[in-house]
Every structure is written in structure tokens, then in C-alpha cells.
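> Chain by chain, the residues:
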Amino acid sequence: MSDFLKKTSVAMAMSSAILSAGAQAHFLLVYTPKVMLEKPAEIPLKLVFGHPMENGHTMDMEQPEQFFVKFKDKQIDLLNTLKPVTWKGAHNDAKAYETSYKVKRNGDYIFVAVPAPYYEKGEDIYIQQITKSYVNKGAMPTGWNEPLGLATEIVPLNKPYQNYVGGTFTGKLLSDGKPAAGIECEIEYINTKVDLKGNAFGKENLGDVPGSAVVSITDDNGMFTFGIPKAGTWGFACLGSGPVSEHKGKELSQDAVLWIDATELK
Amino acid sequence: MQNLIQKLIALTAVILTAASAYAHTPLCSCYDNGDGTVLCEGGFSDGSSASGVKILVMDASGNTILEGAMSEDSEFEFDKPQGDYKVVFDAGPGHEVEIDGSDIVE
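In the order they appear, the protein sequences are chains A and B.
By my numbering, the letter at position 112 of the first sequence is numbered 112, and the numbering carries on one by one without gaps.
If you count the second sequence from 1, you need to add 1000 to reach my numbering.
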């Protein structure tokens, strides 16, 4: 019996290893170009499901399940403001979404997208990336380091909108509000220019694509740290950390995604 | 020479204040509500409240038109003055934020 259990767990470990190797590099973007605002502004927001480091294939999105912004203790539903758009990836066109939001008062604005599970044919699994992006107005911090109570989420321990090249970023991964240990988090940046008017990624990459996925494994407290080597919009995708593991009879990888901004300190 | 001494004293005061009490900076933003009133909100860079902090509204010649304090919610609302004006968020020496009326828009 114990032998059977061992074999089963080895088989399960192997299959999950294979799955996560195949699942690498999907990132849901909740993108806006300027994340630290001094004055009130109407900011554009783009929801695109792609492979930002490779600037590779862009995937079709269905109508997201949720899209909202958390500001102080208010949660403002933005789902009905989303408009479907055709996003021009470097290699293909895909369905994506856009909206805009008027930022006025000082504080932290946390944009959250819960997409519909995406069926990844190549792996015969569903992927659902619960994604957070941050914007600050007026330099006033109002809760960027607080969890939102999502199924799974990365809680930042450095301001997500203000990171510097050569510095580090630390995040704490939660699943159902509890630290999630031993989870692989993939790390990428948007390795091309984003054309906001044209709803397109550039054809050219900004830099080299690393030879294998850049990853960090969460420790016993669900924490990971990453040294930021280059300015840009960096994303962290912690794979399969969410509590839901099945969708329509197939495996679901419910991931936590967080975007941060890094600049050179001149 | 006297001018230089004054500058040095002022500078020393700034350094002392900054080094002693505050590891945070004051923050203040104002908005034209579009209905003849202006709303200001304040705070500190560590997220703490500006409740009770003094706020001044001055005319173009630097005369104080209005003096008040930030509310419990770190806000201060006032009738928009005729002509040029500025708002001073006064959280103590070295901790003032001055906002020109022309920068206060809807």
C-alpha cells in the first residue's frame, strides 16, 4: 500500500513537473504605462494574455469574470467598462480588452482581473491567472501592502509602482489567505514596446530572451525575492497556487500574477 | 553677510527638523471641484493622517485669506478665491507644501 502511494505520488509529481514546464511564460497583462501619477489623469488599461519575455504568441481572451479597482476601502466594479479589442501580437492577432479609468484622489489604486479560464490545448489544461497591477497617485500610500482576499494573490513587500534596477522585489504568495510554500513563480518583463493607440506589441524585442524560464520558488512563508536587472514592467506568475484545481473536468492551473514597475535610479 | 547667516540658520533648522522628528515627507493635493469650491487632501509619505495640520490660503501678495485645519479625513474644502491664490499645507518647519492656484484644476 505504501509502495502504491509512493508510486502514485512520484507519478503525480512528474506529471505536475511536466505540466509546469509546458505552462511557462503565459502572463495576463493588466497594463497601463504610467504607474506613479502626480496629477489627476484618465489612464488607459489593457488586458492582454501573452508571452511577454519572448514577445511570442498572444492568446484569445474571453469576457473576464471580474475586473475591478480597489481604492482605500472601496471596490469599484469596472467589468462593464471593458471593451473587446483585437490585439496585434508580434506574430498573431488575439482578442483582448481595454478600458480607461479616471484617477483623481491620492493613494494606491489596485486593478484586479479575474479572467475566464483559458483552455491550453497543448497541455489539455485550463489556466486562470488572477492578476494585480498597481497605480499610485500623489505619492500617498494607502494599502499597497495589504492582501485583497483573492483566491490566490501575491502581496508585495516593496511598493509595486516604485522599484529600482539593482534593487530587489519581495512578494508573499497567498492561497485562500494563507502563505503558499514551495510554489514556482515565473518572472518575465514586457520585452517589447507597447503601442497603446494601435493595441499592439512591437515586432522587435528589447533584449535577449533568457535560455530558460526565470523562476523563484516560494519559501515556507510563501515569500520570494527577485533582484531586478533591468528597467521595465516586470511580472511574477506563481503557478497553480490557487485553491481551485479543476474546471470542466480538466485540470485548472489557478495562478497569481503581479506586475511591478522598475526604473533606473539616476 | 547677515543674509548669509540667515540662510545658514534656516538651512540648519531644516536639517535638524528633517533628521529628528520626521522620516516622512508631507503630501498635499488640491482639486477644483468645478462648483466654485476647492478640495485639498493631505497626508504623509508613510501613509499617516494629516488630521489637524494647518492649511493657509493666500492671495497673490502673500496675505492670508483663510486659515484652517485638515479634517478627520485629512481634507480641507474652501471657496475658490477670485484671482491668483496659493495654498500652503503647513506641517511645521521644512514640512510645508505650497500649491499654486493655477495648478489646481478639475
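What the hints contain is simulated information worked out from the structure, not anything from laboratory work.
Since the structure is predicted, the reported quantities are computational estimates derived from the model, not experimental observations.
C-beta: ideal position from N, C-alpha, C; glycine also.
Keep in mind that a hint or two might mislead.
What the hints assert, rightly or not - Only part of the chain A face toward chain B is listed, based on derived beta-carbon distances under 10 Å:
1. 38
2. 39
3. 100
4. 104
5. 105
6. 137
7. 138
8. 141
9. 147
10. 149
11. 217
As the list claims (entries may be wrong) - To list a few chain B residues with every Cβ distance to chain A over 10 Å, as calculated:
12. 1029
13. 1045
14. 1058
> Hint by hint, note whether the structure agrees.
Tested hints:
1. The restraint placing residue 38 of chain A at the interface with chain B holds, with a minimum CB-CB distance near 8 Å, inside the 10 Å limit.
2. At a threshold of 10 Å, the smallest CB-CB gap from residue 39 of chain A to chain B is about 8 Å, leaving the interface hint in force.
3. Here the hint on residue 100 of chain A is broken, as its CB sits about 17 Å from the closest CB of chain B, past 10 Å.
4. A hinted interface residue such as residue 104 of chain A counts as satisfied when its beta carbon comes closer than 10 Å to some beta carbon of chain B; here the least separation is about 7 Å, so the hint holds.
5. The interface hint given for residue 105 of chain A holds, since its Cβ lies 6 Å from the closest Cβ of chain B, which is under the 10 Å cut-off.
6. Of the supplied interface hints, the one on residue 137 of chain A holds, with its beta-carbon coming within about 8 Å of a beta-carbon of chain B, less than 10 Å.
7. Evaluation of the residue 138 of chain A hint against chain B yields a held restraint, the C-beta minimum of about 5 Å falling below 10 Å.
8. Taking 10 Å as the C-beta cut-off, the interface hint given for residue 141 of chain A holds, the closest approach to chain B being about 4 Å.
9. At about 16 Å, the closest approach between the beta carbon of residue 147 of chain A and any beta carbon in chain B exceeds 10 Å, and the interface hint on this residue is violated.
10. A distance limit of 10 Å between C-beta atoms decides the matter here; for residue 149 of chain A the minimum to chain B is near 20 Å, and the interface restraint is violated.
11. Given the 10 Å rule on beta carbons, the hint for residue 217 of chain A is violated: about 31 Å separates it from the nearest Cβ of chain B.
12. Its beta-carbon lying about 5 Å from the closest one in chain A, residue 1029 of chain B breaks the requirement of being farther than 10 Å from that chain.
13. Distance to chain A contradicts residue 1045 of chain B as a non-interface residue, since its nearest Cβ pair spans about 6 Å, not more than 10 Å.
14. No beta-carbon of chain A is positioned within 10 Å of the beta-carbon of residue 1058 of chain B; the least distance is around 21 Å.
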